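Novice: Make one complex out of these two single chains by using the hints.
Chains as they are written, first to last, in this note's numbering: chain A, 1 to 208; chain B, 1 to 762.
Source of the hints: derived by calculation from the structure; they are not laboratory data. Only true hints are included.
Here are the computed lysine-lysine pairs in the DSBU-like style, where the Cα-Cα straight-line distance is at most 35 Å:
| no. | chain 1 | residue 1 | chain 2 | residue 2 |
| --- | --- | --- | --- | --- |
| 1 | A | 86 | B | 599 |
| 2 | A | 111 | B | 565 |
| 3 | B | 565 | A | 86 |
| 4 | B | 600 | A | 86 |
Sample of chain A residues at the chain B side, in silico, Cβ under 7 Å:
| no. | residue |
| --- | --- |
| 5 | 14 |
| 6 | 17 |
| 7 | 20 |
| 8 | 21 |
| 9 | 23 |
| 10 | 24 |
| 11 | 27 |
| 12 | 58 |
| 13 | 85 |
| 14 | 106 |
| 15 | 107 |
| 16 | 110 |
Please read these numbers as outputs of a predicted model, since none were measured by experiment. Ideal Cβ placement from N, Cα and C applies to all residues, glycine included.
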Amino acid sequence: MSNADATVFIVDDDAGVLKALTRLVNANGYRTQSFTSPQEFLAHHDGALPGCAVFDVGMPGLDGLALQEALGAPDAQRPVIFITGKGDVPTSVRAMKAGAIDFLTKPVSDKDLMAAIARAVDRDGDTRQRRAELASIEARLAMLTPREREVLGYVVAGRLNKQIAGELGTVEKTIKVHRGRMMEKMGVRTVADLVRMAQKAGVPLPQG
Amino acid sequence: MTRFNGRIRVVVVRAVVLLGAVLLCSPLLVFNSSARADDAPRRVLVLHAYNYTFPATSAAADGARERLLHGSSQKIELDAEYLDLVRFSEPGHEQLVANFLRDRYAKRRPDVVLVISGEGLPFVLKHRDAFAPGVPVVFIGISREVYEASRPPPDVTGHLVDSESNFDQMLALAEWLQPDARRLFVIAGTGPTDRRWQTTARRVIDRRARKFETTYLFELSYNALLAEVSRIPSDAIVIALTVLRDAAGKSFVPAEVAATLAGISKAPVYYPYFSALGNGVVGGYNETFEAMGRAGADIVREILDGKDPATIPARTNPERGYRVDYRALQRWRLSDSNLPPGTVVINKPLNIWDEHRNAVLTAIAAFALQTLFVAALLIQRRRRQHVETLLTESEERMTFTAASVNVGLWQFNRKTNELWATEHCRALFGLREDVELTRDTILGAIYAEDRDAAAFALRKVVKADEAATQDVRVVRADGPVRWVRVQMRSHPSDGEVPHLFNGIFVDITEQKAAEAEAGLQRQEVAHLMRVSVLGELSGAIAHEINQPLTAILSNAQTALYLLAKDSPDLAEVRDALNDIVHEDNRAGEVIQRLRGLLKKGEKSFEAIDLNDLITSTLSLLRSELIARGISVETELDGSLPETFGDPVQLQQILLNLFMNAMDAMIATPAAERCIAVSTKSAPSGAVEVRVKDHGTGMRPDQQARVFEPFFTTKERGLGLGLAICTTILQAHGGKLNLVNDPAGGAVALLTLPASEMLIAAQ
Numbered sequence: 001m002s003n004a005d006a007t008v009f010i011v012d013d014d015a016g017v018l019k020a021l022t023r024l025v026n027a028n029g030y031r032t033q034s035f036t037s038p039q040e041f042l043a044h045h046d047g048a049l050p051g052c053a054v055f056d057v058g059m060p061g062l063d064g065l066a067l068q069e070a071l072g073a074p075d076a077q078r079p080v081i082f083i084t085g086k087g088d089v090p091t092s093v094r095a096m097k098a099g100a101i102d103f104l105t106k107p108v109s110d111k112d113l114m115a116a117i118a119r120a121v122d123r124d125g126d127t128r129q130r131r132a133e134l135a136s137i138e139a140r141l142a143m144l145t146p147r148e149r150e151v152l153g154y155v156v157a158g159r160l161n162k163q164i165a166g167e168l169g170t171v172e173k174t175i176k177v178h179r180g181r182m183m184e185k186m187g188v189r190t191v192a193d194l195v196r197m198a199q200k201a202g203v204p205l206p207q208g
Numbered sequence: 001m002t003r004f005n006g007r008i009r010v011v012v013v014r015a016v017v018l019l020g021a022v023l024l025c026s027p028l029l030v031f032n033s034s035a036r037a038d039d040a041p042r043r044v045l046v047l048h049a050y051n052y053t054f055p056a057t058s059a060a061a062d063g064a065r066e067r068l069l070h071g072s073s074q075k076i077e078l079d080a081e082y083l084d085l086v087r088f089s090e091p092g093h094e095q096l097v098a099n100f101l102r103d104r105y106a107k108r109r110p111d112v113v114l115v116i117s118g119e120g121l122p123f124v125l126k127h128r129d130a131f132a133p134g135v136p137v138v139f140i141g142i143s144r145e146v147y148e149a150s151r152p153p154p155d156v157t158g159h160l161v162d163s164e165s166n167f168d169q170m171l172a173l174a175e176w177l178q179p180d181a182r183r184l185f186v187i188a189g190t191g192p193t194d195r196r197w198q199t200t201a202r203r204v205i206d207r208r209a210r211k212f213e214t215t216y217l218f219e220l221s222y223n224a225l226l227a228e229v230s231r232i233p234s235d236a237i238v239i240a241l242t243v244l245r246d247a248a249g250k251s252f253v254p255a256e257v258a259a260t261l262a263g264i265s266k267a268p269v270y271y272p273y274f275s276a277l278g279n280g281v282v283g284g285y286n287e288t289f290e291a292m293g294r295a296g297a298d299i300v301r302e303i304l305d306g307k308d309p310a311t312i313p314a315r316t317n318p319e320r321g322y323r324v325d326y327r328a329l330q331r332w333r334l335s336d337s338n339l340p341p342g343t344v345v346i347n348k349p350l351n352i353w354d355e356h357r358n359a360v361l362t363a364i365a366a367f368a369l370q371t372l373f374v375a376a377l378l379i380q381r382r383r384r385q386h387v388e389t390l391l392t393e394s395e396e397r398m399t400f401t402a403a404s405v406n407v408g409l410w411q412f413n414r415k416t417n418e419l420w421a422t423e424h425c426r427a428l429f430g431l432r433e434d435v436e437l438t439r440d441t442i443l444g445a446i447y448a449e450d451r452d453a454a455a456f457a458l459r460k461v462v463k464a465d466e467a468a469t470q471d472v473r474v475v476r477a478d479g480p481v482r483w484v485r486v487q488m489r490s491h492p493s494d495g496e497v498p499h500l501f502n503g504i505f506v507d508i509t510e511q512k513a514a515e516a517e518a519g520l521q522r523q524e525v526a527h528l529m530r531v532s533v534l535g536e537l538s539g540a541i542a543h544e545i546n547q548p549l550t551a552i553l554s555n556a557q558t559a560l561y562l563l564a565k566d567s568p569d570l571a572e573v574r575d576a577l578n579d580i581v582h583e584d585n586r587a588g589e590v591i592q593r594l595r596g597l598l599k600k601g602e603k604s605f606e607a608i609d610l611n612d613l614i615t616s617t618l619s620l621l622r623s624e625l626i627a628r629g630i631s632v633e634t635e636l637d638g639s640l641p642e643t644f645g646d647p648v649q650l651q652q653i654l655l656n657l658f659m660n661a662m663d664a665m666i667a668t669p670a671a672e673r674c675i676a677v678s679t680k681s682a683p684s685g686a687v688e689v690r691v692k693d694h695g696t697g698m699r700p701d702q703q704a705r706v707f708e709p710f711f712t713t714k715e716r717g718l719g720l721g722l723a724i725c726t727t728i729l730q731a732h733g734g735k736l737n738l739v740n741d742p743a744g745g746a747v748a749l750l751t752l753p754a755s756e757m758l759i760a761a762q
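Next up, chain B with everything else stripped away, as it sits in the complex (with noise of 0.2 Å):
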């Protein structure tokens, strides 16, 4: 049924209800409702019960006409009339009204009457066909009880009070708000509206559970209720009903005597209409009039849209609820926290949230979005703070690290000419605290002869784009001079010659100390091995002074003897002493070779012709040669480049493979002894050494071992020479290969870079 629209509802209702006797009328009706809403604006009549000087009835009107004129896409007009039905009570009111009205919209008809309160409901039952004959009314704020007992027609409906109920619910009200009291007062005047209240409240409280001691001040004359309520404890309940008229017929505003006895009692006083609300009473359960003229407004718009307001059943507000004034709660110390869920509570002081509401709300949220903006921001702060935090750590564990193995880490950008370094820097370089660390101040605390080199690393980088280690070392006042090892490498960058180079410094002043201990170590041992060679070799060193000894002595002797004669042989004795001058200078040379050998000193780096250098060594062995009969065939080739080196080592070198030669054709049948020992240029550029024996050659097993220390082929030897031959050679960037000659004896071939290499390396 409810699926059904208006027009068809109003048929089916029509035929089963009103039957045939209205027949003639619905029609019409339907008919007006419809022709009639195209184009005349509605009207609507508007009957107040009582005068405009009730705030209620006025307030109700207000919210009626809001609702009517405004939000409806009708046209309505309204008329207005003040039936002041209680203030004019004698007989023959009723009917003047009635009459005026008749005559005043004869030809004015409404389209809907709105009565504005109950009392108004008895007078438009009974005089409507005077003046609106047919026309459906709506009234507003007329009690269940009054409703039901007026029986009114079909097309009368309406708003009602539910008194009873809003009794009910204030009385509760008064129970949350005190709920140690014990007595109750309960106050209505005696006007018809008056005792329908005083009825009203009786079975109320006669039906509730809680049981108070309950008085009743009705039938009381004004002054009389004055006297009673200001005597009443405060501890009490005061309900103040109605009081249109009191025991002595005077009639009264019900909203200004609640206000009076508000005033005046000293327990709160509860009054169930919102129209005292604010002038002293606690409040009650009701609805404000504004809202009842809505509700019957909204009523009259159905209507007016083509409704049946047979269809219509009179129906309280929605809107009702507790009302309450915080000042009157104040007042009597009664706490809002006891109020009942959606309370209003009206006069609480305003604070910012009820004042500026959008302001507030725009504020919050303003406020919300700048919060989680700046908890964003707060929580990304944290975070980099965090990152940041463990970027500090870890590069302080790397720096710490760092320091510890004696690193410094730097990094430089060549465009801004910035240095970055650690703090352990300045430890290596002895800076001072005050000093900053700087590429000058760096370099200045390097040694003068090594800053060129150090930059020479650093341009390699560049050129290269790869890494460098150069080894520097530092002028420091606190101490003796450190060593400082520095790498670096560079960033590639697109295109351009790179930049920004970063690298560590490393204090290896121990390493180098270590290095020169193991370097002192092997000259002390490549000592002791030259002279355990020469040990070896002192007959035929011996021999090799002993020859310009003979020729001396000999010349000096010739000397004296033909100085002896009578007439010596100057010439001669001339020729002697330059012999002996030769000879003398012979013998130096080989004590100058053999103290070469036999010191320890340091380790010169010279230019060095090794075709002399092997002359000179065959010279020294030649006794030793001779006595084993052993025959050198050389082979040196005349435009030899020169080689850098040590004299000394490198004679070491050419010692020990001559003996080892030597040693090799012990034997070898006599006439087979020889040693071929020839130099040349290699194609490389280096310069080569051979040296050829005719002896049994290295046995496989043996080859593999030649260079390893103590491993010796020979009876008494100690089998150190080759491994010492092998350190001088790296030394010297030069190396030794020893291998079979397929055609017989052992060919020992010797590599050393030639001084040109050597300074192109540099």
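Bound conformation, chain A alone (with noise of 0.2 Å):
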């Protein structure tokens, strides 16, 4: 993913900073959106775009911290840079743990800047990447049918169709028709291929 198809949101109460950093991260080849209130943020934040968002901590309203949680759950969330006058490490603390990319100290270098952006853009690219595959996963256990899903715990958990037959009290000619149904709507041919499926959605495995 080039630099290009990511969008760098950046939230400063300060004009002139924001749009010193707007104009750095434009150089080098990000698409910006610049907002002066996370207010203003909020309100047009599109969380579709990929990207990142690089936040001033100590903003009037409300903070940097306080917009970073406004944002959702911390894997979930597009990934956040913040930039402080102060850098007092309880702030840090708080927004490292709460999932921030980097916690950089005013006047940023634009090394260090550009390097965090490039993280979490990567990152972001990563999470959308997994968000996609496991979202096609999902549609296709929504396919199944309950029978089918049932089956295809057993698969995953290596049972044979035998033994499957022998759980679900049916005949092993039965299982072998739903086990194959089921590899078609999954779209996969080998078992270990569904194992490795089943594990990123993180189906649950039948027990015993």
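Specialist: Next comes the structure, spelled out in structure tokens:
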């Protein structure tokens, strides 16, 4: 993924700083969206756009950390880079725990900032890719009948058709048919692929 | 009896004494006197026993005539005859004279016969019926012995000479004047009168207590007498009596004899009669012959006035006394201090008193008046001098006191342009001794810039009739600048513009120095407080500088990055560079503000837009406000008038108020942390700044003490913030109120005079 596909959201109440940072990030090939207040950012933010966010910590009304929380759970949210004039330890620890990519002190060197943005964009790309895969697996899983879903569980658990028939109180032949349809719906040919897919989607294995 | 009038008394006496024998005459006499009183002149016949060559009788006649003709309402005619009985002692002479008188006065009856000298009495008694039958007789100078011996009828009366008494007193006089004399010589002639004197002398001398070794030079011829007298030692007393005739039968004028004897005697010579006085004798106890004449004349007049001569007893003259000649005293070296009191001294060299008594009295009176006047003037002058002295002393005390506390006193008259001032003023204004103290010289010593102010203050006094004070600087050649306070007051004058001013000059250099010192200390403290506040804000302030630095760095790096490209976007580079310049300025401003607050320098006084100052102060606090989650609402009046003051100090006040507001909201829920700042122009023309927080407000006990130094409600506060604010505001003519807002929180209300007000006040 190139820089041009990522958008960097910059929020700073200081117009001068906001403009300079935006200019720097733009010059490094990223798209940017800049906001002078957290409220404005929240109102216009498009979570679908790939990229990261650069937040000033000390802003009137809603500071950067609060804004981070407003973006959602750490593993789902857009990666955030904090810049601060103070750089006090408690604030940075809090930010990092909340999933911040980096906590930079003003004045920020371009190398540090761009490296952080690159990492954030990467992480955002990864996150988005993983989320896309999961979405396709879940879409396939959604097509399975309940019986096929049961069979999938036993297959991933490594049971033989005969064992599955015994568990489910049916004949081996019926299980074979379910297994074939399930494999087809899931788009896999080998059990190994199926197992990897099921792991990604976090499909619970049957007991025993 | 004495109450009866004359006529009744006459009748009574007549009835008792004269019986019927004279009954026929008395009504006539009474009738005569009363009838004659109305028309014809009364006649007095004056008979001289001697002739006119006798000074004594002449003098007596003169005295009588004087008294009779003058000072009487009655018209009196005098006839006079010289009997010359002593010199013409042959037998037929008396009858000759008597006949002459009878013939002469037969048709010219006298009303009273006045006889001068007792020698004439026997003749008159013998011949009265011949020339003046029934006419009352008054005599002058008869000795008591002769009078009593002659046993005269009742209508014969007169003036007695008491020879015995006179002699006695004369001897007493001699004793006074010659207290040491032991010998006494008594001289008398051989005539009838002389012999009477001999008898009198012997009797008196025998009777006296003091005994002298007495020699009687009687019965001597004149020449023998002279020889005897010339041998008398000088320490003796010589009494010359009359020598009308000597042993040789030769007649003399006694006064002349006495004078001769006095001339040859080595011892003082006394003489009983007045006639020899002034001719060498010391004097005696006697009466003047004029006085004798007057005494007789008085009796005559009593009779002419209708008084019965029988009721008038013969009497002595009250005018008798000691009479001495000063030249004789001198001659015999007798001291006049030994004279008995009341002694008449003749021939005493006249002093001015005697000569010009009235003039002297007038002069003395005038002199006394003048003296009194002068004395009064002197007293007044002394009082005035006393008062002047008191005044001078008072003024000296006042001047001294004034000078000792470095105060000069002055008074100025605007009409005459006259200035009175104490000498100390000279020292205050550094004027030399030879420079006159005037309005101009004093004004000349004042700094040119301060002169107008001084004149302005004076005008103010003229206008408002009130006191004024003005501090001026004085240029002094001998040292540094001195400060003099001019205090003045006008004297109220009726309806007019006051023109008299007085006041004082006070040297307040030291006070000014102390004020300056205190001012410096206040500035020092204020500065420390600012440093302390800025210390608290250091993080926030660093942030304020960090912001532009951040922008600058980013812009610079962007520019570098862009320029490193093959085809650099120069427009973007230019924008970046422009922003760098802008941000750099922004950082500079922050530093500038900080420097202002941190510097210690002199106070400045300039026009200030409070809105700008508030904005600037808030921007300094921006980071801190953000950090504390405090929002600021401003409502600044765009038409706010300018005020005058020191921007740094006023900013310090604002900073203090904002910080207090921020500190007050530590416990306030985040959403409510808000400071409302507003400005507006008050109706009075002043400028108001209102800072309201949403904190807990002040407790009543705190509210009373918030302006006290070292009172604080903060955990780490010094308690000096508001105290310093108050001090600064006082210097700016402003004030600060702190109240609780009923809706919650505290409100600080800052009032400053607008510049127009300050200009108007000046």
